[in-house]
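Engineer: What follows is each chain in one-letter form.
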Amino acid sequence: MSNVFAFVETRGTDVRKVGLEAVTAARMLADKLGGGEVHALLLGPPGIAAKASQIGQYGADVIIVVEHAGLANYSPEVATATVADRMKSGGYRAAIFSTSAQGRDLAPRVAARLGVSIVTDVLSFEIEGDSLVVRHPMNIGKVIATIAIAAKPAVIAMRPNVIAPAQNAKAGRVENAQPAIDPASARVKVIETRQGGGGKLDLAEAPVVIAGGRGLKAAENFKMVEDLAAAFGNAAVGATRAVTDDGWRPHSDQIGQTGRLVSPQLYIAVGISGAVQHLAGMRTSNTIVAVNRDKDAPIFKVADYGIVGDVFEVIPALTEAVREAKKHH
Amino acid sequence: MKIAVCVKRVPDMDVRFRIGADNISVDQGGLKFDINDFDAWAVEAALQLKDKNAGSEVTVISLGPDVVQETIRKALSMGADRGIQIKADKVPFDGLAIAKALSAELKTGGYDLILFGKMSPDSSNGVVGPMAAELLGLPCVTAISSLEIANGKGTAKRELEGAQEIVEFPLPAVLTVDEGLNAARLPSLKGIMAAKKKPLQIKPALLAEPQITVRKLELPAERKAGRIVGEGAAAVPELVRLLQTEAKVL
Ligand SMILES: Cc1cc2nc3c(=O)[nH]c(=O)nc-3n(C[C@H](O)[C@H](O)[C@H](O)COP(=O)(O)OP(=O)(O)OC[C@H]3O[C@@H](n4cnc5c(N)ncnc54)[C@H](O)[C@@H]3O)c2cc1C
Ligand SMILES: Nc1ncnc2c1ncn2[C@@H]1O[C@H](COP(=O)(O)O)[C@@H](O)[C@H]1O
Chain A
1 MSNVFAFVET RGTDVRKVGL EAVTAARMLA DKLGGGEVHA LLLGPPGIAA KASQIGQYGA
61 DVIIVVEHAG LANYSPEVAT ATVADRMKSG GYRAAIFSTS AQGRDLAPRV AARLGVSIVT
121 DVLSFEIEGD SLVVRHPMNI GKVIATIAIA AKPAVIAMRP NVIAPAQNAK AGRVENAQPA
181 IDPASARVKV IETRQGGGGK LDLAEAPVVI AGGRGLKAAE NFKMVEDLAA AFGNAAVGAT
241 RAVTDDGWRP HSDQIGQTGR LVSPQLYIAV GISGAVQHLA GMRTSNTIVA VNRDKDAPIF
301 KVADYGIVGD VFEVIPALTE AVREAKKHH
Chain B
1 MKIAVCVKRV PDMDVRFRIG ADNISVDQGG LKFDINDFDA WAVEAALQLK DKNAGSEVTV
61 ISLGPDVVQE TIRKALSMGA DRGIQIKADK VPFDGLAIAK ALSAELKTGG YDLILFGKMS
121 PDSSNGVVGP MAAELLGLPC VTAISSLEIA NGKGTAKREL EGAQEIVEFP LPAVLTVDEG
181 LNAARLPSLK GIMAAKKKPL QIKPALLAEP QITVRKLELP AERKAGRIVG EGAAAVPELV
241 RLLQTEAKVL
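Quick note, the sequences are listed as chains A and B, same order.
Just so you know, the working numbering puts 111 at position 111 of the first sequence, and the rest follows in order with no gaps.
Just so you know, the working numbering puts 243 at position 243 of the second sequence, and the rest follows in order with no gaps.
Some clues are possibly wrong.
[As the list claims (entries may be wrong)] Only pairs whose alpha carbons sit at most 27 Å apart, straight line, appear in this in silico DSS-like list of lysine-lysine:
no., chain 1, residue 1, chain 2, residue 2
1, A, 189, B, 2
2, B, 248, A, 152
3, B, 100, B, 90
4, B, 190, A, 189
5, A, 152, B, 2
6, A, 189, B, 248
7, B, 248, A, 301
None of these hints come from the bench; they were simulated from the model.
Bear in mind the structure is a predicted one, so any value in this text is a computation, not a measurement.
Extracted from the complex, chain A is given alone in its bound form:
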């Protein structure tokens, strides 16, 4: 019983980056368990099967493809029933999900259906004796807990961006399966998925996050932040609650305790004071840069590099310099 299950998150016919991270994590865990198989489940509308070979590249031995016309939108009940059924028959030692909006919805339901506990937002894992031992931030990241999971299967949801998707090609044998319940019979129905601004990088997936705060003074000044993001080319734009409360940016852009968790390679805080609730969402970023005109702003305590100055002067200059730097690469 050393096989590991991975849930591959999709949206429409796209595999999300967190889905590849889950497969990579499952591969790492199966290897720690002495070389068990990774079984990855891919659920979605017609067209999703074409993504199966990609999942094999990331280390899945078996890819269970559940393709159905009724799955154009995420269906919590179909996903729960299908995953739980597969986990019951598969006899897995552990199951890996993602700590994303979809993963947070699905993983606890599956665990409850199997009668086992779950830990979400997992930072790292080890096998110790008979337990899977994980690290999990508590108290909005101000305390880190080491937690032993005795339950079998051990169900965990990984924090996005802590495991880089790694190619580790395996046989990638494809098994086609049916949804465990008819999507038409689900009680809860997602009738629409509205994409916010096509093709933009997601906050949790972007290697660079540029976040703006009240120091930007008005919604239209976010143009400056977007220009800087465009200069990087691989950046997403986030915001503080002060900004989302004022309606300058949608709530989904909010980073912090009650918003999104991000841990990119580079985080640039533009006109952000650095309240604890904001830090809770970004303090695990690799490199933090802050631009603030107040040299005593708390954000400078967590910033690797700070510039004391007016964002209206510094950000356009930085944008220009980043554009130049990218040109010479």
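Keeping the supplied structure of chain A fixed, place chain B with the ligands upon it in accordance with the hints.
Structural biologist: Frame of chain A, contents of chain B with the ligands only:
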């Protein structure tokens, strides 16, 4: 409508936590406690539905030691009708154990709607609501930021990464509440007085053996002290140099 709201008493996060001598709990000294924000928004959502639907009743449920009665009273002073304490010496970390104990009570209530917060900041786990929904066999929508209920049916919005879902569901149902749904009302003086007379039942918790145990708590590694690169636009070239050569992110 009969509505239940599960509320948790949580510490204020705006402090430096200390780890207790046992290494597996947070030192409670000097902490301030209040209702979880997400749960306060859930109470507010229930009260708004009660205002719209004459004859509705809002029940507030909290699992924990006697101090959780304060949290229940807070919700009663906002306008909820009655409270139930599911009495346990300690609140375990194991969300399944909590969900089982809460759903044992919830299944006897005949509720049309059962509301949870999306997450409690102390556990930072966000699992009790959907787990309870599964145990109850009820339809469930998590992390909602808008809600409409009419004719025994509901419509809610969920925020995803860079997108939104519009979700329809039948009643009875379980919902978990995200930020943005509403702003919680403050208890009025009259509400606080009235709350003292509202019924608060105490029942023992049926807590299952935990399957997950906290082995150790630690404070996260402090970030290495950073540096101020300089002032104003003049500091930009040096910042860019550091991002290229030291941090290697550009
Ligand atoms: C329960 C709870 C949950 C919360 N959750 C979150 C959350 O998830 N995310 C979040 O972000 N917040 C959250 N908050 C709010 C948080 O406490 C702060 O209020 C918020 O983060 C402040 O946003 P800000 O930094 O944009 O604004 P401010 O604190 O007003 O800071 C603006 C900064 O801009 C600087 N500035 C102004 N003008 C300029 C200029 N021209 N050039 C350079 N710098 C300038 C100022 O010096 C200041 O430091 C929460 C609060 C509570 C109580
Ligand atoms: N001890 C408790 N008593 C009542 N409700 C709780 C308790 N613990 C968690 N909850 C509910 O479950 C939600 C999610 O909590 P958690 O899974 O700990 O993040 C909270 O917002 C509450 O609505």
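Engineer: Tell me, in ascending order, the numbers of any earlier hints that this structure violates.
Structural biologist: 2, 4, 5, 6
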